[in-house]
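Per UniProt numbering: the sequence shown = residues 1 to 879.
What the hints contain is simulated information worked out from the structure, not anything from laboratory work. All residues carry an ideal CB built from backbone N, CA and C; glycine is no exception. You may find that some hints are simply not true.
Unchecked claim - Here are the in silico distance ranges between beta carbons for each label pair:
#: 1; residue 1: THR732; residue 2: ILE787; range: 21 to 31 angstroms
#: 2; residue 1: PRO680; residue 2: ASN641; range: 21 to 31 angstroms
#: 3; residue 1: TRP600; residue 2: SER679; range: 38 to 48 angstroms
#: 4; residue 1: ASN641; residue 2: PRO826; range: 28 to 38 angstroms
#: 5; residue 1: GLN542; residue 2: GLY691; range: 18 to 28 angstroms
#: 6; residue 1: GLN812; residue 2: THR732; range: 18 to 28 angstroms
#: 7; residue 1: PRO751; residue 2: ALA373; range: 48 to 58 angstroms
#: 8; residue 1: ARG291; residue 2: TRP120; range: 43 to 53 angstroms
#: 9; residue 1: ASP591; residue 2: GLU615; range: 43 to 53 angstroms
#: 10; residue 1: HIS701; residue 2: PRO826; range: 17 to 27 angstroms
#: 11; residue 1: LEU823; residue 2: PRO680; range: 25 to 35 angstroms
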Amino acid sequence: MIDHEPEAAPQYRRLPLTEGPGASPRRRRHAIAASLIAGYLIAAAGTVMAHGVLAMPEWLALHLLVLGAASNAVLVYSRHFAQALLHARPGPEWPASARLAAFNLGALAVLTGMAAGLPWVAVAGAVLVVGAVFAHSAALIAMARAATLSGRLRVVVRYYVAAGICLIIGGTLGGLLAGGAFPSPGWQQAVRLAHAHLNLLGWLGLVVVGTLFMLWPAVLRTRMADTAPRTARQVLVLTTGGLAVAVTGAVLTGWHPAAHWAAAAGMAGYGAGVAYALTPAIREMRAKPPRSAAPVALLAANGWLLAALAVDIIGLALGSTVADDLLGRLLVPVLGIGVVAQILTGALTFLIPVTVGGGPSSNRRLTEVLEYAWLPRAVLGNLGLLLLALPTAGDPRVLAWVLALAGFGSFPALVVAALVTRRRPAPAGTAGPSAGSARRRLAGHEILALGSVAAVLAVLTLVSAGAWPGHPDNAAPATATTASSGVPVAVSLSEFTVTPATIAVTPGTKLVLTVRNTGRMNHDLKLDGRQGTGTLAPGAQQTVDFGVVTQDEQAWCTVPGHRQAGMTLTIHTTTTPSIAGQHDPGMAGMDMNAAPPPTWRPYDPTLQPASGGTEHDVTLRVEHATIEVAPGVRQQVWTYNGTVPGPVLHGRVGDLFTVHVINNGDLPHSIDFHAGQVSPDTAMRPIPPGGELTYSFRAEHAGIWLYHCATAPMIQHLAMGMYGAVIIDPPTLAPVATSDVLVQSEFYLGPNGGIPATPQLLAADPNLVVFNGYANQYRSAPIHVRIGQRIRLWVLDAGPNEPSAFHVVGTQFDTVFKEGTYLLQPGNTADGAAQELDLQPGEGGFVELTLTQPGTYTITTHRLADAERGAMGSIIVEP
Numbered sequence: 001m002i003d004h005e006p007e008a009a010p011q012y013r014r015l016p017l018t019e020g021p022g023a024s025p026r027r028r029r030h031a032i033a034a035s036l037i038a039g040y041l042i043a044a045a046g047t048v049m050a051h052g053v054l055a056m057p058e059w060l061a062l063h064l065l066v067l068g069a070a071s072n073a074v075l076v077y078s079r080h081f082a083q084a085l086l087h088a089r090p091g092p093e094w095p096a097s098a099r100l101a102a103f104n105l106g107a108l109a110v111l112t113g114m115a116a117g118l119p120w121v122a123v124a125g126a127v128l129v130v131g132a133v134f135a136h137s138a139a140l141i142a143m144a145r146a147a148t149l150s151g152r153l154r155v156v157v158r159y160y161v162a163a164g165i166c167l168i169i170g171g172t173l174g175g176l177l178a179g180g181a182f183p184s185p186g187w188q189q190a191v192r193l194a195h196a197h198l199n200l201l202g203w204l205g206l207v208v209v210g211t212l213f214m215l216w217p218a219v220l221r222t223r224m225a226d227t228a229p230r231t232a233r234q235v236l237v238l239t240t241g242g243l244a245v246a247v248t249g250a251v252l253t254g255w256h257p258a259a260h261w262a263a264a265a266g267m268a269g270y271g272a273g274v275a276y277a278l279t280p281a282i283r284e285m286r287a288k289p290p291r292s293a294a295p296v297a298l299l300a301a302n303g304w305l306l307a308a309l310a311v312d313i314i315g316l317a318l319g320s321t322v323a324d325d326l327l328g329r330l331l332v333p334v335l336g337i338g339v340v341a342q343i344l345t346g347a348l349t350f351l352i353p354v355t356v357g358g359g360p361s362s363n364r365r366l367t368e369v370l371e372y373a374w375l376p377r378a379v380l381g382n383l384g385l386l387l388l389a390l391p392t393a394g395d396p397r398v399l400a401w402v403l404a405l406a407g408f409g410s411f412p413a414l415v416v417a418a419l420v421t422r423r424r425p426a427p428a429g430t431a432g433p434s435a436g437s438a439r440r441r442l443a444g445h446e447i448l449a450l451g452s453v454a455a456v457l458a459v460l461t462l463v464s465a466g467a468w469p470g471h472p473d474n475a476a477p478a479t480a481t482t483a484s485s486g487v488p489v490a491v492s493l494s495e496f497t498v499t500p501a502t503i504a505v506t507p508g509t510k511l512v513l514t515v516r517n518t519g520r521m522n523h524d525l526k527l528d529g530r531q532g533t534g535t536l537a538p539g540a541q542q543t544v545d546f547g548v549v550t551q552d553e554q555a556w557c558t559v560p561g562h563r564q565a566g567m568t569l570t571i572h573t574t575t576t577p578s579i580a581g582q583h584d585p586g587m588a589g590m591d592m593n594a595a596p597p598p599t600w601r602p603y604d605p606t607l608q609p610a611s612g613g614t615e616h617d618v619t620l621r622v623e624h625a626t627i628e629v630a631p632g633v634r635q636q637v638w639t640y641n642g643t644v645p646g647p648v649l650h651g652r653v654g655d656l657f658t659v660h661v662i663n664n665g666d667l668p669h670s671i672d673f674h675a676g677q678v679s680p681d682t683a684m685r686p687i688p689p690g691g692e693l694t695y696s697f698r699a700e701h702a703g704i705w706l707y708h709c710a711t712a713p714m715i716q717h718l719a720m721g722m723y724g725a726v727i728i729d730p731p732t733l734a735p736v737a738t739s740d741v742l743v744q745s746e747f748y749l750g751p752n753g754g755i756p757a758t759p760q761l762l763a764a765d766p767n768l769v770v771f772n773g774y775a776n777q778y779r780s781a782p783i784h785v786r787i788g789q790r791i792r793l794w795v796l797d798a799g800p801n802e803p804s805a806f807h808v809v810g811t812q813f814d815t816v817f818k819e820g821t822y823l824l825q826p827g828n829t830a831d832g833a834a835q836e837l838d839l840q841p842g843e844g845g846f847v848e849l850t851l852t853q854p855g856t857y858t859i860t861t862h863r864l865a866d867a868e869r870g871a872m873g874s875i876i877v878e879p
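With the sequences and hints as input, model every part of the structure.
Laid out in structure tokens, this is it:
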């Protein structure tokens, strides 16, 4: 039999929330929880302010708020209220603390895994989160079963259990989304809708609706309406039933679009339940209107909740795509800030003093701090939220965020200030404070609160003025790629970024983008969500003409949730000319159609015959130089024997190569021969300036092999020109009239012809793509052959980043050899031919063809953006 202390008033009149003065494990746990919640809120506000610096800031801010701050509040206070409502004897604190620790470890793993692009970390975190909530729900069920005497509102505990079930399902769906379990965009959208509704309106919404039946009269300091218990039971049926139908309908939209009607109907039932739940609150409010911080915040939050539900129902009725767009563009800020953040503000303003205060005097001190300037904060926050909900862009939206953060972002600072105040109890043994000491104490609390709010407002002022380091206007100019009219700009899509994030154009520029999906999920890129690429599978690419740009535009990935996660591209119109070092495929002053100067000499593509012997002794000297890489463009390069690419080594299977490498540069360098099989520890070690190394290998297999500098950062050494080809003839190689070698590579032009910055290389946005080290050189110095001559073209992709789709316009290949094997030979049973040789960086092969008609045949890569950057040449066929 459980003993119960008599209460001074019936359960439905007041809540047994407080403990007596002095320390207790429960009070310490509530203080820790309040600190955790404040920390997550501060992190969420900081993430919003760091937009443009952090990956996927909107997604992070929402999940810091919902998964972090709000979920911690649910775990702590739902248990607290359940004990009060069920008259349960408090048990040991360590199981609850362990659940809280596991939950937060999982939440941090989810946040880190998604932001860092590590899905397995996010999935592991989701497992921890779901496990912690499962254990929490099981503890609530066990507590309810053990209760022998319960209050009239014991049904609220069922809300908490139902909310836990929603999180278990919603968190599981989130983990599956993070792990890429739904490759289809339609199913991704459907599951994301279900995930959002379960977590926002189930896990959080049901807790809010249920708790308000008892919390609302408590914050008003008034009697609970007699109809509240019956209404609570009825609302539970409406909300849980409606949400179940809505989630089922949302998931089924992945199978059939018409299921959106079921989702809309379910949300209508949920919305009706939420509206009906407010009827006791209205009666209580008539008895005692809200005039303090906590009830005003709770009232405003419920108003935003009803508005958000109405918009959600309309969106679902119009279709799942409309609902998903509204969810990300409108409902996330409204539900996240207007409902979740404001509920936390109101509830914690009331709950922190009564759970960690330790007595009336301490409670008053904490309340004084938490309610500091509450009315201006409420007005600013809700005004900012209203502006965010309106279809505005640019400066008004920046102002909206500043107002919202000023109103709600200052509350975490007040929580910290309140917890500091809690650690300074009034002197013991005094009958009561004098009027003077009370005034001094109040003044001290106001100074602490004012200082906390002022610090937040100072940071927000920096943000609004553009002085914050992460503000987009303060980004270095090189972060924007400058586009030239009609010249394709390479854009890469990955989880969850678009690179480059900003493209600068002059008004009237014809914008062409070559978009490549380098991620692990399907993506697309559409201007204003309409015109653009189709759905791109991983590795796929598409070139899109966006037309003439006359004003600022934005493009984004329309796959559900990806825009909200940060996959946006800003197209900024500017009259500022490009500067050296920007990612400008055209580069100011560069004319891709200009002729080289008279003193220029092309790189001879002719493959020289292999020497008669089986041993080859070669010397390669590392030399730093500045050479011309396109007409009028000089660039610092690092070379083997002074050329880019280095000399071609030619031999046969079984030949022994002994290569003497002498480093005449002023940096450490090395060499890696793909044609050999040797231990990297010795053969590829860095060679200091002035040093030497001998590298020996036996060519055991045929093919065209890359050699390159292997010194870190390897991408920089390759981009600077340190590569070449080793050709090992297949044993049965047929004779041809001519044999030429083409090494495709990229140049990333540094400022004033200097060394390019590492971010420029990592962005994989080259200024030039060339054959044999010079843009379009074989258009100025074509390769000449005779009609009917059989020719062999050896092709190597040296990278460091761009693949090759080697093609000769106007003809076909009857022989294709790639990566050590024949893919196609004359006389094949299918009577087939090939149109291109596709190579990734580090791969190579050859093609054979016979040109039977005179003319000029273009050699190129069919990655047309790279062709426009200089990967073109000509073969002239003469009689």
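Structure-based check of all given hints:
no.: 1; hint: THR732 <-> ILE787: 21 to 31 angstroms; result: 27 angstroms, holds
no.: 2; hint: PRO680 <-> ASN641: 21 to 31 angstroms; result: 23 angstroms, holds
no.: 3; hint: TRP600 <-> SER679: 38 to 48 angstroms; result: 42 angstroms, holds
no.: 4; hint: ASN641 <-> PRO826: 28 to 38 angstroms; result: 37 angstroms, holds
no.: 5; hint: GLN542 <-> GLY691: 18 to 28 angstroms; result: 47 angstroms, violated
no.: 6; hint: GLN812 <-> THR732: 18 to 28 angstroms; result: 23 angstroms, holds
no.: 7; hint: PRO751 <-> ALA373: 48 to 58 angstroms; result: 50 angstroms, holds
no.: 8; hint: ARG291 <-> TRP120: 43 to 53 angstroms; result: 52 angstroms, holds
no.: 9; hint: ASP591 <-> GLU615: 43 to 53 angstroms; result: 47 angstroms, holds
no.: 10; hint: HIS701 <-> PRO826: 17 to 27 angstroms; result: 23 angstroms, holds
no.: 11; hint: LEU823 <-> PRO680: 25 to 35 angstroms; result: 30 angstroms, holds
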